[in-house]
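> Starting from the known structure of chain A, fit chains B, C and D onto it as the hints suggest.
If you read the sequences in order, they're chains A, B, C and D. Residue 399 in the numbering used here sits at position 397 of the first sequence; the count goes up by one each step and never skips. Residue 110 in the numbering used here sits at position 108 of the second sequence; the count goes up by one each step and never skips. Residue 242 in the numbering used here sits at position 240 of the third sequence; the count goes up by one each step and never skips. Residue 323 in the numbering used here sits at position 321 of the fourth sequence; the count goes up by one each step and never skips.
Keep in mind the hints are simulated off the structure, nothing from the lab. One or more of the hints may lead you astray.
Any copy, or any two copies together, can satisfy a pair, since identical chains are not distinguished.
Straight-line distance between alpha carbons at most 30 Å, and here's what the computed DSS-like set of lysine-lysine pairs gives [as the list claims (entries may be wrong)]: (1) Lys296 x Lys398; (2) Lys335 x Lys244; (3) Lys244 x Lys296; (4) Lys76 x Lys373; (5) Lys227 x Lys378; (6) Lys6 x Lys76; (7) Lys8 x Lys78; (8) Lys204 x Lys378; (9) Lys296 x Lys378; (10) Lys244 x Lys398; (11) Lys6 x Lys405; (12) Lys296 x Lys335; (13) Lys76 x Lys227; (14) Lys227 x Lys8; (15) Lys227 x Lys296; (16) Lys316 x Lys6; (17) Lys397 x Lys378; (18) Lys6 x Lys78; (19) Lys8 x Lys76.
Computed from a predicted model, the values in this text were never measured in an experiment.
Here's the letter readout for the chains.
Protein chains: 4
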Amino acid sequence: MPPKRKIINDPVYGFITLNHPLIFDILSHPYYQRLRRIHQMALAQLVYPGAVHTRLHHSLGAYHLMCNAVIELKYKDVDITPEEETAVKAAILLHDIGHGPFSHALEHSLVAGAHHEELSMQIIHEMNRQLDGRLQLALDIFTGNYHKPFLYQLISGQLDVDRMDYLSRDSFFTGVSEGVIGYDRILKMLVVHNGQLMIEEKGIYSVEKFLIARRQMYWQVYLHKAVLAAEKMLVKIIERVKTIYNTNDIQLQTNCALDYFLNGFNGVMNKAALDMFCSMDDTDMMFAIKRWSKHPDVVLQTLCDGILNRRLLKCQLHDEPIDEGTLHAIRQKVAGQLGISIEEAAFLVFSGEAVNTIYKMDDEHINVLFKDGQVKNIAQVYNPLIHQTLSTPVKKFYICQLK
Amino acid sequence: MPPKRKIINDPVYGFITLNHPLIFDILSHPYYQRLRRIHQMALAQLVYPGAVHTRLHHSLGAYHLMCNAVIELKYKDVDITPEEETAVKAAILLHDIGHGPFSHALEHSLVAGAHHEELSMQIIHEMNRQLDGRLQLALDIFTGNYHKPFLYQLISGQLDVDRMDYLSRDSFFTGVSEGVIGYDRILKMLVVHNGQLMIEEKGIYSVEKFLIARRQMYWQVYLHKAVLAAEKMLVKIIERVKTIYNTNDIQLQTNCALDYFLNGFNGVMNKAALDMFCSMDDTDMMFAIKRWSKHPDVVLQTLCDGILNRRLLKCQLHDEPIDEGTLHAIRQKVAGQLGISIEEAAFLVFSGEAVNTIYKMDDEHINVLFKDGQVKNIAQVYNPLIHQTLSTPVKKFYICQLK
Amino acid sequence: MPPKRKIINDPVYGFITLNHPLIFDILSHPYYQRLRRIHQMALAQLVYPGAVHTRLHHSLGAYHLMCNAVIELKYKDVDITPEEETAVKAAILLHDIGHGPFSHALEHSLVAGAHHEELSMQIIHEMNRQLDGRLQLALDIFTGNYHKPFLYQLISGQLDVDRMDYLSRDSFFTGVSEGVIGYDRILKMLVVHNGQLMIEEKGIYSVEKFLIARRQMYWQVYLHKAVLAAEKMLVKIIERVKTIYNTNDIQLQTNCALDYFLNGFNGVMNKAALDMFCSMDDTDMMFAIKRWSKHPDVVLQTLCDGILNRRLLKCQLHDEPIDEGTLHAIRQKVAGQLGISIEEAAFLVFSGEAVNTIYKMDDEHINVLFKDGQVKNIAQVYNPLIHQTLSTPVKKFYICQLK
Amino acid sequence: MPPKRKIINDPVYGFITLNHPLIFDILSHPYYQRLRRIHQMALAQLVYPGAVHTRLHHSLGAYHLMCNAVIELKYKDVDITPEEETAVKAAILLHDIGHGPFSHALEHSLVAGAHHEELSMQIIHEMNRQLDGRLQLALDIFTGNYHKPFLYQLISGQLDVDRMDYLSRDSFFTGVSEGVIGYDRILKMLVVHNGQLMIEEKGIYSVEKFLIARRQMYWQVYLHKAVLAAEKMLVKIIERVKTIYNTNDIQLQTNCALDYFLNGFNGVMNKAALDMFCSMDDTDMMFAIKRWSKHPDVVLQTLCDGILNRRLLKCQLHDEPIDEGTLHAIRQKVAGQLGISIEEAAFLVFSGEAVNTIYKMDDEHINVLFKDGQVKNIAQVYNPLIHQTLSTPVKKFYICQLK
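Isolated chain A, as found in the complex (with noise of 0.2 Å):
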């Protein structure tokens, strides 16, 4: 008799499969639930209506490749047992658990000081206080300190099960074709050494067009210039909502966890703000969106009526900083227009860095194993491809104003 087995469609890999009793306890859990409510790319969408996919449906397809990377491993007679492989998985699972509201997008914003990694680390926490401790071996994989680091490279690393499937199922969602990589050759390829997650030589040119892809998904999709405005407007929505906040202005209040981090959080994020925030997801967000749409602020009124009825604020990409004079100017204009302050301008008319921090390409220690087995670093292998790729500089200067 087999143990219980769920398979799962997945359009980007063709099925899931589920069979181990934490496995199912994860999933069943509401704080893993609550990811079916976040997006993936948050407002992407705006420009690629197909990219609507979740949290939930990314770490199902993480935890897909995992399965894929560890048969491998364990091919390739590499020690795993099967609590590590059980660990493993359920760490790959949870690895975005600590989301939050549109995810990257009003990281650090809604949220004050909180990382998402830090939040995951502390809802993992507490689901394995509830689930007796049956997590531990998946924490102490995630927090680094686990002797076989490989397993957390797998998860979190240059070449985890992360960016491929984020990667692929982005590209896939959006239906960009120069996101595809070759996933399951670049799994086919991984291989421990001395303890380390590496790639063999002959997978040298799977890794470049990896590398490439992320670049260029980065450059047309991620940082897209109307996705880059609506992410920006969502954060300016509750910068201006934290500064017009009123206890009595019933209008700004949502009725849900949201008006607790608008107003009362105090930084702590003890039990009772865990709780609030793995109560809340996109949807209080676009609620909170809908209702301050009618609100009399103008500044506010406008950005969300721009997120909803895609009325998004026209966005500029320059190699260097936007002058402060230039920005002043466009604000003074638009605080005529208006008849706001600059002060309030500056919500519609603002510039910043359009960073690619949040993906990961500053430290792309990838090794390589060559068959007479020396390890060296793929910045160090002579192909100028991939020591071009990891060296351009992907910093750009945005500046954003109201049409």
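Same frame as chain A, but now just chains B, C and D:
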């Protein structure tokens, strides 16, 4: 200088091209942008996690197929004026504009007595007013009274682009290969004869495939037991809220247009009511479910928590109607378990017909044009599989109950 | 140190993995490499230009599905020893080894009286001898006498991996979406009960799809009128050459093993004849056709030129047998036109049955295992579409004639 | 009544539509049908079993992309007359008509001194004669002298539909995802400025992807070590046969046009030679290889058996030229082993440059048209990755030797 043009990435068809001022005006209208917040497949995502695509995306897809159908028919010397071409494209973009939160799942339930097609008509009338009558020809075609019936049949008929898109798109996003159809081949086989849309003789196998694909998607996806359970739970939530509605019960109120339709609506869809309707989308309903999941009413709480955390009622399909005695016995048991009345238990234990009328499988008058000029209804063509597909009963009976 | 492994890119399944010495020995055997030069779909490429894939590619694909089927069944605690696993994989790799030039199209025609499955048996026996008996278990399974019948059924039965691969592959290379099947889902639904291969109850829709896809491919592709014409022309070429064969006619001779089967072969497939057979492939036949296209015999020249330059006979399908009088009249006309005899005209004007026995649609005993342990033949399951598909007559009558 | 039209299933693009009498006349011409028997990727199928597609299929695909390019440019008000439209489509259909057996692999070797593009010109001239001058405009465009240079650039230039098709098609049939390009997006970004074909500014990322994809396919597929070995073995077979040719050696003769080019050809491609050339295809060469694999000459036998049964020479790639001393030592060893002379061993042990000139990567003058009307060579655009891709050396040195 070519007219303004916009190209949208679509993972299903590659690229969708927009190039007419009227089309741009429709797209940027808030009524249309609202479709971005209504899932095409309601709660099917609880079973198929990829099925989170929107009504807006489906409308765009149907529009794309319409563009191709028009090119094809014009190539075959069918007379279509530039005005008709724009109108029929506008009409297909708007064909689903009357859908409310969770589309079919809550149709007839949230807004009593209103069919989405009538609502579409009313909304298009209103948009036509706002757009200075530029939608008049689209309206004429949409009402089916225009003197070229094939234009209406492209929008709504047995071979319409609506069905071709939803089968292709639902199949794509669920990952269920059984729904794959040869839409491009069917489009190439379309002909107009005596003003009616028909299929060329050599397109019969593609139509056979199309009919079978729809039937397969129907049973495998649209009426999947867990999907059915979830969508019926939505209906029961609305029914329960209406039953216990009390304007003093602040926990039931949602502070959005839902309140109006849950209580104050008198069945007359006047301008004010239409405005209310057009302000609602899935967000409001999901926000309400989150709110109601903490309501003291056990029935409401159970149903809402079930949707939120994927704790669905158990659903079974039978060929015969469910016996009233059986139902009553289960209700009694549930009433005892939860300490509720039999009437209340009926919200958690219920049965009904799983019919497919929403997918319009009952009226399959597809005409085939033979090379010699003959026209035959496809049901009369000697093709036992088509014949069987068309005459196969598609009614089953479901019972849902608390696990 | 893991065993040697080889990964082959396959556009249909992604990657095919080979990892056993016996499998490598089979692959590198000249008898197997010969399959590289035999098209899977004979002359279907004259209609579907992409359909140029080979028997070798199909064998590899079926092998890949077998690997997955074995993993699946072992997961379900079906007892399969490592020896049986290797043997059943070897057997599927070799299942088509007995095909000659242009596969089914010339079967029974070039080598009179020899069915490809008997030839496969003989060739595997010979390979077994060369490989020191290491194919014995594969042979036992292949002959259907092994005490675990499900192993044979995986190779040749209503749910075998042969059919799953050829439908998937032929559909992929022709671009005909009607043949797409959910092979991965069917594989996941396979079970073994009382030693027999069956399908789980919830796999019924996928099997329904599989049966219908096969039927659609049958009529739309395998028996496409132009494909049928081309393949019957091949048969007529062989018949004509045999009729006029004369050892002094140097233009008829091909200087390869074909000569032997066109003239000297006495019907006894001894070792020498088998060697001859195993040296032939599509190349020889196509080379001969090129040569014969310049032969003075008008009939032979017409047929060969027709294949070479895609000047095919006109083919029509009828529900009733073609009347002898009609045939005779057309032959008379053609005889007059070309200045040939009526007997000669019969090579250019002929009729026959378009039957589907080669695709084994006549004997559909698929057993379904229900959750309660019951087993039913799928034809007895209440599913009108399956019932209809299975009982639909699949015989038509063709007539081919010079244009 | 629309003009006659034919629709061809293509697994890469869906459907290819043919609808002009001249196009039908080209397709049915024996010179064009011959391309059906020439593999697009020569012997790449020995590594990528799916890569068996033909030159005919590639030509049809390039024709399809040309149709789309023309629609696109006409939409952008580029002046293209109906005659030019037909001519440019005819020209692309015929762009590879001059390929001989195994295309590039045997170019310059079988028919000494003849480049396939010159042969194409001669063959099109001959077809033009047969088609009463209806190919004159196509010829004018093809020679690059027509007064609208963009028409020629669509056929042969850095953004031509030839490259777009071969990358897409080779990637599809090999299953190597690294070659996937956004051909549809590139086509939409094409513009004509001052008569020259250019790309719009916002198409830069797609072009970057295109350049990188070509580079990846080049090293991963086209110059894969085993593919390189096989194709160089073909060249050595021809060289060996020419060396030992003797009209009395009946075993060397093939009884087809090959004989002429192996021995009698004087380098002048007159009408008789051209007829000979146009009667050859892969079949003849493969038939010859089968025949020669039994020839007593050890060198020839070894090489031919190697191709037939996939016993390839071992190939290595180096950054530096292979040392003559090394080569000589290996040759001596092989000569000793096989009992042949050093000169003979040089057919089995040899080195050379793996260059990519056949894929024309050396001259990348792609012009970019900016919104403000400026035109820049893409190499001057500030995009370090493109710059790097273009300037990366693409020369390596191979050595092949008997295993």
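> First find the shortest C-alpha distance between Lys6 and Lys405 inside one copy, then the shortest across copies, and answer within, between, both or neither for a cut-off of 30 Å.
between (56 Å within a copy, 18 Å between copies)
> What label fits Lys6 with Lys78 when the C-alpha limit is 30 Å: within, between, both, or neither?
both (28 Å within a copy, 10 Å between copies)
> Go through the copies and call it for Lys335 and Lys244: within, between, both or neither, with a Cα cutoff of 30 Å.
within (25 Å within a copy, 50 Å between copies)
> Indicate which option fits the pair Lys244, Lys398 if close means a Cα-Cα distance not exceeding 30 Å: within, between, both or neither.
Answer is within: at 28 Å inside a copy they meet the 30 Å cutoff, but 53 Å across does not.
> State whether the alpha carbon distance between Lys6 and Lys76 is at most 30 Å within one copy, between copies, both, or neither.
both (23 Å within a copy, 15 Å between copies)
> Given a CA cutoff of 30 Å, do Lys76 and Lys227 count as a within-copy pair, a between-copy pair, both, or neither?
between (44 Å within a copy, 29 Å between copies)
> With identical chains treated as interchangeable, where does the CA-CA distance between Lys316 and Lys6 reach 30 Å or less: within a copy, between copies, both, or neither?
between (52 Å within a copy, 18 Å between copies)
> How would you label the pair Lys76, Lys373 (within, between, both, or neither) given a Cα cut-off of 30 Å?
within (19 Å within a copy, 34 Å between copies)
> Should Lys8 paired with Lys76 be assigned to within, between, both, or neither, using CA atoms and 30 Å as the limit?
both (23 Å within a copy, 17 Å between copies)
> At most 30 Å between C-alpha atoms: does Lys227 with Lys8 qualify within a copy, between copies, both, or neither?
between (41 Å within a copy, 15 Å between copies)
> For the identical chains here, do Lys244 and Lys296 meet the 30 Å Cα criterion within one copy, between copies, both, or neither?
Classified as both: same-chain Cα gap 17 Å, cross-chain 27 Å, threshold 30 Å.
> Could you place Lys204 and Lys378 in one of the four classes (within, between, both, neither) given a Cα distance threshold of 30 Å?
Answer is within: at 13 Å inside a copy they meet the 30 Å cutoff, but 37 Å across does not.
The structure does not agree with the numbered hints 1, 9 stated previously, though it agrees with the rest.
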